Amino acid sequence: MPSASHFKRLDNAAGQEIAMTYDGAPLPARSGDTVAAAMLAAGHLVGRRTAVSGAPRGPFCMMGACFECLVEIDGEPNRQACMTLAADGMAVRPMIGARPLDEKDAT
Amino acid sequence: MADAEFAVIGGGLVGLAIAWGLASRGRQVTVFDEGDRAFRASRGNFGLVWVQSKGVAMPNYARWSRLSARLWPDFRDELTAATGIDLQLSQPGGLQIYLDEVEAEAGVAQLTKLRAALDGDYPFEVLGHNAVKALVPEIGPDVVGATYGPEDGHVNPLYLLRALTAATKNAGVTLLNGAPVERIEHDRDGFTLHRAGGAYKADRLVLCAGLSNARLAPMVGLHAPVKPNRGQVLITERVRPFLKYPTGHARQVGEGALQLGDSKEDVGFDDGTRGAVAAAIARRATRTFPLLRSVRVVRSWGALRVMSPDGHPIYDKSLSCPGASLVTCHSGVTLAAAHAKVLAGWICGAEAPDYMEDFGAERFALQKAG
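Residue numbers (my numbering), protein chains in the order written: chain A, 264 to 370; chain B, 591 to 960.
Read the hints as simulated data drawn from the structure, not as lab findings.
Treat the hints loosely; a few may be bogus.
Only part of the chain A face toward chain B is listed, based on derived beta-carbon distances under 10 Å [claimed, not checked]: (1) PRO340; (2) ARG356; (3) ASP365.
Quick list of simulated restraints, FRET-style, between CB atoms [what the hints assert, rightly or not]: (4) ARG627(B) <-> GLU280(A): 51 to 57 Å; (5) THR670(B) <-> PHE330(A): 25 to 31 Å; (6) VAL692(B) <-> ASP286(A): 49 to 55 Å; (7) VAL646(B) <-> PHE330(A): 41 to 47 Å; (8) ALA869(B) <-> ARG312(A): 48 to 54 Å; (9) MET346(A) <-> ARG627(B): 27 to 33 Å; (10) ARG627(B) <-> LEU273(A): 42 to 48 Å; (11) ASP711(B) <-> ARG312(A): 47 to 53 Å; (12) GLY317(A) <-> VAL888(B): 41 to 47 Å; (13) GLY844(B) <-> LYS271(A): 55 to 61 Å.
As the structure is a prediction and not an experimental result, all values here were calculated from the model.
Cβ coordinates follow ideal geometry from the N, Cα and C atoms, glycine included.
Looking at chain A on its own, in the form it has when it is part of the complex (with noise of 0.2 Å):
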């Protein structure tokens, strides 16, 4: 579930309304949003558990570095939420633990 959000969206953000969703749920965007900034604005500050230890972490530096953000996009796994503009009918989902291997590639 999203806690409160620490982020608000400015009242001159302008932008166009994008239906996504987030784990299955509607995720309320805006057309220029990053993935990341439509996750936090949205109270999603956990996007993923990491592989090692399942420790949660979130969207932080929002400039491709820390790579802390990775979610699952539309069926790949581990692309950078802050690196991806947000689209309508983008399905995102949260990154649990390390990322499953492909099976179809598996001959």
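Position chain B against the provided structure of chain A, taking the given hints into account.
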């Protein structure tokens, strides 16, 4: 008066393993290390504890590598007891995986020759595609087979370096880093080391300085004709554990990342990377394990192996400057256990395997003369 009984030059895996072995024998040791700009094979290596195929041209190198692999569990226990650090040592046996018949035949021929040279005492198995698949179901159709060495394994080399650093410090070893040793003098009172920050005196000296041994050895009557050979490494994102056996080209580390490598380039002292080499490493990995095709590479680096002319270690004691020894090799991980538990004793004057003299540098002079 000397500042230290033993001066060990080099604070990498070789120098620290020797320092640990000396300190464990009650010796007083100072380790001299360079700064962060040094070429550090110990921070760029692959982490295999590897026996398979080593020593084809020098069977005693095979014996020495096998001895170290057998000593590794005890060595690990010592370091973990001293530091609490889990080295992630695993020795389930290792696979050299072949992607065509030519390389498979060459690999099997090498091991067969080694077995003959060691009077049959050299365990390995030749596995066809299906036998490899039984061990690692994730291999792809391009795999024609593998050789399995039951004594092979792997370890986290960075935890090993950290554990050796902590263990030696706890044992009273002084570690002085930040500046290379520029010059060494020898007289009847021992050795004087000159570096930025001052001069240090030591009764005895062990050169473990990797590529810098070539420069330092002649100052104390030793010969270390070592040259760099670059290896590149790729690290993938962390994935679920699937690869139990380390292989010559890929291993899965304790945290789940795949480490891929085993390129060899003669490019002098350039420890950078080249895209074409990285691509070849990645291509081999995805042909071997097709399920890695969609897995991201998150880091890549180059590091310089410390290679002698024949690829084997050089262990030597100076005749003209008694008390000076040389320890250099390109397998600082595999041989760390033997360096600490056997070679450090040999440096102190204890008995060592009778084949130790085979590792002297005079073999290069003889080769030249022949």
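Index of numbered hints that the structure contradicts, given in increasing order: 2, 8, 12 and 13
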